[in-house]
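Asks: As a plain string of letters, each chain reads:
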Amino acid sequence: MELFLIIILVLMIGGAIFSLEARDLLSAVIAYGIVGFGLVICFLLLQAPDLALVQIVVETITLIIMIAVILNSTRDEIKPVKGKRSTIFVIFVFIFIGLFLYFFNRTTETLSAFGEHVMRMSKAYLQPGAEKTGSANLVTGVIFDYRGYDTLGEATILFTAVIGVLTVLRLKGRKEK
Amino acid sequence: MKGMTIIVKTVTQIVCGVIFLYGIYIIVHGHLTPGGGFAGGTIIAGSFILLILAFGSEFLALKKEETGSSILESTGILIFLIVAVLGMIIGGLGIFFINFLPKGVIGKLLSAGVIPVYNVAVGMEVAAALLTVFLALLIYRDEVLK
Amino acid sequence: MIVYILTVFLFLIGLYGVVAKRNLIKIVIGIALMEYSVNLFLILVGYVKGGTAPILSGEVIGKVFVDPLPQAMVLTAIVIGLATTALLLAIAIRIYKKYGTFDIREIKNLKG
Numbered sequence: 008m009e010l011f012l013i014i015i016l017v018l019m020i021g022g023a024i025f026s027l028e029a030r031d032l033l034s035a036v037i038a039y040g041i042v043g044f045g046l047v048i049c050f051l052l053l054q055a056p057d058l059a060l061v062q063i064v065v066e067t068i069t070l071i072i073m074i075a076v077i078l079n080s081t082r083d084e085i086k087p088v089k090g091k092r093s094t095i096f097v098i099f100v101f102i103f104i105g106l107f108l109y110f111f112n113r114t115t116e117t118l119s120a121f122g123e124h125v126m127r128m129s130k131a132y133l134q135p136g137a138e139k140t141g142s143a144n145l146v147t148g149v150i151f152d153y154r155g156y157d158t159l160g161e162a163t164i165l166f167t168a169v170i171g172v173l174t175v176l177r178l179k180g181r182k183e184k
Numbered sequence: 114m115k116g117m118t119i120i121v122k123t124v125t126q127i128v129c130g131v132i133f134l135y136g137i138y139i140i141v142h143g144h145l146t147p148g149g150g151f152a153g154g155t156i157i158a159g160s161f162i163l164l165i166l167a168f169g170s171e172f173l174a175l176k177k178e179e180t181g182s183s184i185l186e187s188t189g190i191l192i193f194l195i196v197a198v199l200g201m202i203i204g205g206l207g208i209f210f211i212n213f214l215p216k217g218v219i220g221k222l223l224s225a226g227v228i229p230v231y232n233v234a235v236g237m238e239v240a241a242a243l244l245t246v247f248l249a250l251l252i253y254r255d256e257v258l259k
Numbered sequence: 083m084i085v086y087i088l089t090v091f092l093f094l095i096g097l098y099g100v101v102a103k104r105n106l107i108k109i110v111i112g113i114a115l116m117e118y119s120v121n122l123f124l125i126l127v128g129y130v131k132g133g134t135a136p137i138l139s140g141e142v143i144g145k146v147f148v149d150p151l152p153q154a155m156v157l158t159a160i161v162i163g164l165a166t167t168a169l170l171l172a173i174a175i176r177i178y179k180k181y182g183t184f185d186i187r188e189i190k191n192l193k194g
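Taken in sequence, the protein lines are chains R, A and H.
Numbering-wise (the numbering used here), the first sequence opens with residue 8 and increments by one.
Numbering-wise (the numbering used here), the second sequence opens with residue 114 and increments by one.
Numbering-wise (the numbering used here), the third sequence opens with residue 83 and increments by one.
What the hints contain is simulated information worked out from the structure, not anything from laboratory work.
Model, not experiment: these values are computed from the prediction.
Yeah, the Cβ is synthetic: ideal placement off N, Cα and C, and Gly gets one too.
Misleading hints may appear alongside valid ones.
Stated by the list, open to error - Pairs of lysine-lysine, DSSO-like flavour, derived with a Cα cap of 30 angstroms:
id: 1; chain 1: H; residue 1: K179; chain 2: H; residue 2: K190
id: 2; chain 1: H; residue 1: K179; chain 2: H; residue 2: K103
id: 3; chain 1: R; residue 1: K130; chain 2: A; residue 2: K221
id: 4; chain 1: R; residue 1: K139; chain 2: A; residue 2: K216
id: 5; chain 1: H; residue 1: K145; chain 2: H; residue 2: K131
id: 6; chain 1: A; residue 1: K115; chain 2: H; residue 2: K190
id: 7; chain 1: R; residue 1: K130; chain 2: A; residue 2: K216
id: 8; chain 1: H; residue 1: K180; chain 2: H; residue 2: K103
id: 9; chain 1: R; residue 1: K139; chain 2: H; residue 2: K145
id: 10; chain 1: A; residue 1: K221; chain 2: R; residue 2: K139
Said to hold, decoys possible - Residues from chain H shown here face chain R by an in silico Cβ test under 7 angstroms; the list is partial:
id: 11; residue: R104
id: 12; residue: Y129
id: 13; residue: T134
id: 14; residue: V148
Unchecked claim - Under 7 angstroms between C-beta atoms, here's a sample of chain A residues computed to sit facing chain R:
id: 15; residue: P147
id: 16; residue: F151
id: 17; residue: I190
id: 18; residue: I219
id: 19; residue: A225
id: 20; residue: I228
id: 21; residue: A242
Required output: the full structure, derived from the provided sequences and hints.
Replies: Rendered as structure tokens:
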């Protein structure tokens with residue numbers, strides 16, 4: 008099972024690199040779709056069916072909005088300017104990546120190996136979860152009953168983002184030159 | 114924006130009602146099977162977006178404003194808040210978000226107290242939010258980028 | 083362990099896209115790649131070998147469940163990622179309407 012995950016992650020990384028280096032914006036967006044749909048298969052392999060349902064629809068809507076934005080403006084990528092690439096820049100990049108991987112290594116030493124999760128806190132949610140909330144789906148029970156206040160915060164973020172979109176794209180009350 | 118070919122229009126007429134019904138099923142059975150409010154809300158928004166894309170904005174004669182769907186979105190989150198505050202008043206312990214309706218047998222449709230109400234409220238809010246964003250982009254494109 | 087390192091590599095690719103690219107759409111793609119990699123990392127931490135999805139159906143004795151807490155966190159994070167990407171794209175299309183280009187080096191003038 009871990010082998011399948013590694014294969015799909017390598018495909019996602021290939022899609023991500025191609026999407027950032029493409030010379031045409033439409034190819035970049037279609038390669039970005041590979042990452043999204045590969046993530047759906049990863050969620051199914053990791054036994055999370057709610058997340059696979061949400062991710063597949065969200066990815067489709069994101070692709071629709073991105074293609075609509077690109078086809079109404081421009082499709083070209085900016086011509087790369089061959090500037091003076093100083094060596095100090097490259098050295099800083101390698102130092103930064105080295106620091107990042109070192110600190111990441113120190114952080115994951117406290118995590119268990121992949122697949123042997125010590126469910127210390129989750130036992131308190133799993134065992135009495137079904138009787139106390141009354142729902143057979145434990146993820147829904149955690150979202151709306153044990154952690155309902157956080158779901159209110161998430162719904163507020165969604166509402167605020169939509170208010171932001173409506174403000175940016177406002178048409179009435181503006182003087183066009 | 115123009116619509117698509119006649120094959121897409123015919124298939125959309127058959128399919129978009131089924132997608133809408135599937136979204137409602139995922140919302141209502143949120144406490145029994147995988148899914149819940151967020152997944153069902155995005156599926157319902159997907160069915161409306163399919164309808165708009167297949168038939169074009171001129172055919173549907175959109176009213177050129179997105180006020181209706183933003184009223185629905187505000188109603189959804191208001192219901193969420195009112196039920197949460199009702200838990201503080203009725204529940205008897207003064208706790209925000211307490212589950213105060215009776216929890217029935219695990220596995221039946223009418224169980225889990227107040228969770229199905231939360232699912233419906235969140236589903237309505239998410240579907241209306243995504244539809245508002247899509248309509249705002251569509252109206253901007255039609256009015257400005259002629 | 084290899085799975086964790088590959089996920090962090092995906093995050094670093096997204097970070098490279100935000101820092102080093104000049105096109106606004108590629109910056110938005112970089113931000114979205116970073117969000118996807120963080121969601122995947124949270125679910126990877128909570129996986130138990132031989133576990134099933136945390137939904138009760140049938141008999142329950144002797145079943146090993148995967149962790150439901152990270153799944154509850156990531157479920158809303160996915161929808162919020164969509165909302166923030168839509169907001170970024172709305173700003174991008176307004177910038178294109180005003181300046182005529184997506185290049186970030188030419189949109190620095192604070193004209194009226």
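Asks: Evaluate each hint against the coordinates.
Replies: Hint-by-hint comparison with the structure:
1. Our distance criterion of 30 angstroms between C-alpha atoms is met by K179 (chain H) and K190 (chain H), whose separation comes to about 15 angstroms.
2. Distance check on the hinted pair: K179 (chain H) and K103 (chain H) sit about 21 angstroms apart at the alpha-carbon level, within 30 angstroms; holds.
3. With a C-alpha separation of about 25 angstroms, the suggested pairing of K130 (chain R) with K221 (chain A) holds against the 30 angstroms cut-off.
4. Between K139 (chain R) and K216 (chain A) the CA atoms are separated by roughly 9 angstroms; this keeps the pair inside 30 angstroms, and the hint holds.
5. About 12 angstroms separates the Cα atoms of K145 (chain H) and K131 (chain H), which keeps this hinted pair within 30 angstroms; it holds.
6. With a C-alpha separation of about 36 angstroms, the suggested pair K115 (chain A) and K190 (chain H) falls outside the 30 angstroms cut-off, and the hint is violated.
7. As the CA atoms of K130 (chain R) and K216 (chain A) are separated by approximately 22 angstroms, the hinted pair is consistent with the 30 angstroms bound.
8. Between the alpha carbons of K180 (chain H) and K103 (chain H) the distance comes to roughly 21 angstroms, so the proposed pair stays at or under 30 angstroms and holds.
9. Taken as a hint, the K139 (chain R) and K145 (chain H) pair is honoured in the structure, with Cα atoms around 19 angstroms apart against an allowance of 30 angstroms.
10. Under the criterion of a C-alpha separation no larger than 30 angstroms, the hint pairing K221 (chain A) with K139 (chain R) is consistent with the structure, at around 15 angstroms.
11. Annotation: R104 (chain H) was flagged as interfacial toward chain R, and the flag holds, the nearest CB pair being 5 angstroms apart, inside 7 angstroms.
12. Taking 7 angstroms as the C-beta contact cut-off toward chain R, the hint placing Y129 (chain H) at the interface holds, the least distance being around 5 angstroms.
13. A hinted interface residue such as T134 (chain H) counts as satisfied when its beta carbon comes closer than 7 angstroms to some beta carbon of chain R; here the least separation is about 6 angstroms, so the hint holds.
14. Given hint, V148 (chain H) at the interface with chain R, holds; its Cβ is 5 angstroms from that chain's nearest Cβ, closer than 7 angstroms.
15. The restraint placing P147 (chain A) at the interface with chain R holds, with a minimum CB-CB distance near 4 angstroms, inside the 7 angstroms limit.
16. Hint on F151 (chain A) holds. Least Cβ distance to chain R is approximately 6 angstroms, under the 7 angstroms limit.
17. For I190 (chain A), the suggested interface contact is upheld, since its CB lies about 6 angstroms from the closest CB of chain R, less than 7 angstroms.
18. For I219 (chain A), the suggested interface contact is upheld, since its CB lies about 6 angstroms from the closest CB of chain R, less than 7 angstroms.
19. This hint holds: A225 (chain A) has a C-beta 4 angstroms from the nearest C-beta of chain R, less than the 7 angstroms allowed.
20. A least Cβ separation of about 5 angstroms between I228 (chain A) and chain R falls short of the 7 angstroms threshold, and the interface hint therefore holds.
21. Using the Cβ-Cβ criterion of 7 angstroms, the hint placing A242 (chain A) at the interface with chain R is satisfied: the shortest such distance is roughly 5 angstroms.
In this structure, only the earlier hint numbered 6 is contradicted, and the remaining ones agree with it.
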